Structure formats: structure tokens, C-alpha cells
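Chains as they are written, first to last, in my numbering: chain X, 11 to 428; chain H, 134 to 176.
No lab work stands behind these hints: they were computed from the structure. Each hint should be verified, as a subset may be incorrect.
With a straight-line cut-off of 25 Å between C-alpha atoms, the simulated PhoX-like cross-links for lysine-lysine are [what the hints assert, rightly or not]: (1) H:Lys160 x X:Lys84; (2) X:Lys109 x X:Lys384; (3) X:Lys384 x H:Lys160.
The model shown is predicted, which means the values in this text are computed figures rather than measured ones.
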Amino acid sequence: MGVVVVAGCGTFGDHLPLVGLGRALEERGHRVRMAFNLAMMACAERAGLEVVPYGSVLGSQQARQHAECWDHWKAPVASCRRWTEQDDDQLFDACQALKNACRDADMLISAVNDEAGALVHELLGLPWVTLALMPAAFAFPQRSFESATDETERAFHRSFSEHLQRVRRRLNLQDRPVEQQEDDLHSRKKLLISSAAFSGTPARDHGEVHITGFWFYDEPHWLNWQPSVSLARFVEDGEPPLVLSFGSLPLTDAPAVLKVHARAAAELGLRLVVQRGWAGFDEQDLPSDVSTQSVRFVDEMPHDWLFSRAGAAILHGGIGSVARAIRAGCPMVIEPYGNDQFYNARQVVTLEIGAAMHPHRLSSAGLARVLHEKVLQPECRARVKAIGAVLRAEDGLARACDLLEQWMGSPSPATVST
Amino acid sequence: MVDKGEKDSKEPEKTSEEELTVEQLEKVAGAMASKNGFYLNKI
């Protein structure tokens, strides 16, 4: 039995599976300490887990302040992201918080895109495992930063390397050659939180990647959750409705996005359930030509209940909601804005369990057509149900715990690659 | 990668301008996900 520190990174959808891991490890007798940013701590507390503050605050409010940065069609990461002294301070503070959280730890688990995890591992010499919640991380062959010919991309990596070097010095860590720095951000053994039925096997050159199956975790208050009578009637009476859910994605123009979807549903004669989410979809923004009786707004609620009753889900393509939709046998339209959403959309199209639409070229007529001709067809539902059955048979959390326990007991469970 | 070999011999399915093809998504997804997903979540 050991003390395991799990460091969170990202939005609500990135933290929920980690809470599931924390619970699963505790049920096996381990002591678990979650290190989450302030906006995500309540989620761990509701699960009865010890949690300490760690990293910059990222909740709906912070995300909405910079919604334009989440749209990688308009703001490609390489051209927009540069690291400043403020970023140095944030990473340094995160390292100090995580180091303190790891004071008695036997293992540190952090995300592949969380630099603090790598630095604290190096500071403490603590066994360390990185995990990827996004199958996109290992889907493509590695590409050397040194081979980047585009000056924008080179400037992006130069900025990041310099930032990392400055923070390393503040932490009294030895300088690393620039070309090695980004390789050192991942443990040798890595967990991939996905199903082979969705993302296949990782590209060969990523080293030792263990695919576990998706980690599904239901918050305690979801277990006995019941819909209101009016919501149950809206969803269950008549033809299954469409569901619009963009989860933790902020939008620069949520009213415009809502209008397109409300009109598409109306064109098909279908009701629409809209989850407000971090986009902040609002009843006031419904177009006057769409009946308010045909659209129902909901807040956070169990996706399993909703997706299992929907004709189709319209999603931004975050892996958490995509996995839930597949497991519920719900076909989907993905409108990807950035990050791993492009890859997840590609898989949905490749597997023919839905379609993908360009969010900035979307028309209500086009969306209605794609829904009618492809996504709402019985063949599409049959395919997603077949893959959903595979996902339901997998126990990703149990597989992950087995691996972590095996690595905890080995002499050198997870060292950085050199 | 998911092997969908039985589709290889077919012509790519025609889509509207607003619908995204596998090829279009492959291009943007590959750029985002290179180097162990380094770009992912670098917001």
C-alpha cells in the first residue's frame, strides 16, 4: 500500500477520470492525494478524497475570459502561445505546491502535458507515471522539434524551452540541452486512457504506452440522480431529441452557435436539449423563428441518461463526452474547435459513428442534412452501439490500478527517458 | 490507428464544404498531436 499523488491538469472533463482513479486506488487500500486547481477541488472533495491546491485556477470564468484562445481554427497554438515571466511564476509555484504534496509519496501521477509533474519527479527522484487522457497524444509518429522548418513553430518551441530553462534554474535543477527538454516531460512508461476500439494502438515510436480503456467515473450525486418530471417528459415522449453539449468549451459567440443548432433541429422537426456548459448557452438567445417549447436547457447532469435517450449528440469533441456517447450507443456530430477534438472527430468519421462539421462554416440547413442523411440513420446507430458494447465490457480503471500497483512494486517503476 | 482496410479501395465520400473529411481532420489533428501531444492543452 502506498501514498499516491495524482496531479490534475485541464478542464472538468480532464479531472473527472482522475477522481475515478483516486477512488479506485483508495478502494484498493492506497492513500491518495489529489493535487487540483482551486476550481476543480470540489469534485475531488465530493468523492471523499484528500485534495490540495495546485496549479493555476481554471474554471468556466477563467476559460471564458480567453475564449478566443480555445479556437485553434482562428488562433493556431504555434502562432499564439508564448511564455512570459508570469508563466514562469505560475510553473514555479505549481512545482512548489506539487513538491509539498509529494512529501511522503511513493508515486506521482501526472498528465503528459503537465510540466510541473516532470520537474517535481526530477527534484524528488520519485517514481512517476505520465498519463494521456487524450488518445491524440500517441496517435501520430513523433516529430522532432529540431526538424521544424516553419519559423513560427520554431519560435514557439524556443519560447517554451527558454521558459522551462528559466524555471529549472529557479528550482536549482541542472540545465538541459534544449533538444532534450521536451523529451524529459514524459515518463518511460505511460498510460493511455482510451480504448483500442476507438483509437486503435498507439504509433510505434512513443515507447512503452499502456492502453487501459476509458476511465468512467460517476459523481456520487449522479448515482441516484432522477430527472424532473418535465425533463423526462420532454426527452422521452416522442421521437428522441438531439442534444447539444459542448462541455467545458468556452465560445466567443455562443448565441450564434445556439441559433444554428436550434434552427437545424427545427428543420428536422426534432426537439433539442441544450446543456449550458462553459459556453453559457442561454434561452434568451434562441431565435424568434424557433419555438421555445421545442428546446430545453439543462445544466450539469449525467450524460449517460441523456445520451442513451438522444437521437444524436452534437459535441465539440472532448474525449470525455465522446466516450460517454459511444458507450451509450449515441451517434454524434463533432464540431471540433481545437486540441484533441480534431483527432477525436477524425476517429468518429473514420469509424462511421457520426460526422464532423466545420464550426465556422456551419449552416442550419447543412447540419440538418448531415444529421438526416448520415447520423440519424439506423446503420450509424448500429455501428456506435457495437463499439459501445466493447467499451462497456472494458474496465479501464481496474486495468490502470493493476499496472500502477505492478510499477509501484518494481525497483524502477518509471524513470524519465534519456 | 484504426485499420479500416475494407474502405481503402473506395473513392473518398463526397461531403459538403461544411462537413469535415478524414483527410482534413488528419491534417489538423496531426499538427496538434505531434511530439506526445505537446501542443495539446497549450492554451
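Hinted pair, alpha-carbon criterion (25 Å max): Lys160 (chain H), Lys84 (chain X). Please report holds or violated. 16 Å, holds
Agreement of Lys109 (chain X) and Lys384 (chain X) with the hint, judged by alpha carbon distance not exceeding 25 Å: 51 Å, violated
Check whether the Cα positions of Lys384 (chain X) and Lys160 (chain H) lie no farther apart than 25 Å. Since the Cα atoms of Lys384 (chain X) and Lys160 (chain H) sit roughly 23 Å apart, the hinted pair holds (cutoff 25 Å).
In summary, the one numbered hint that this structure violates is 2.
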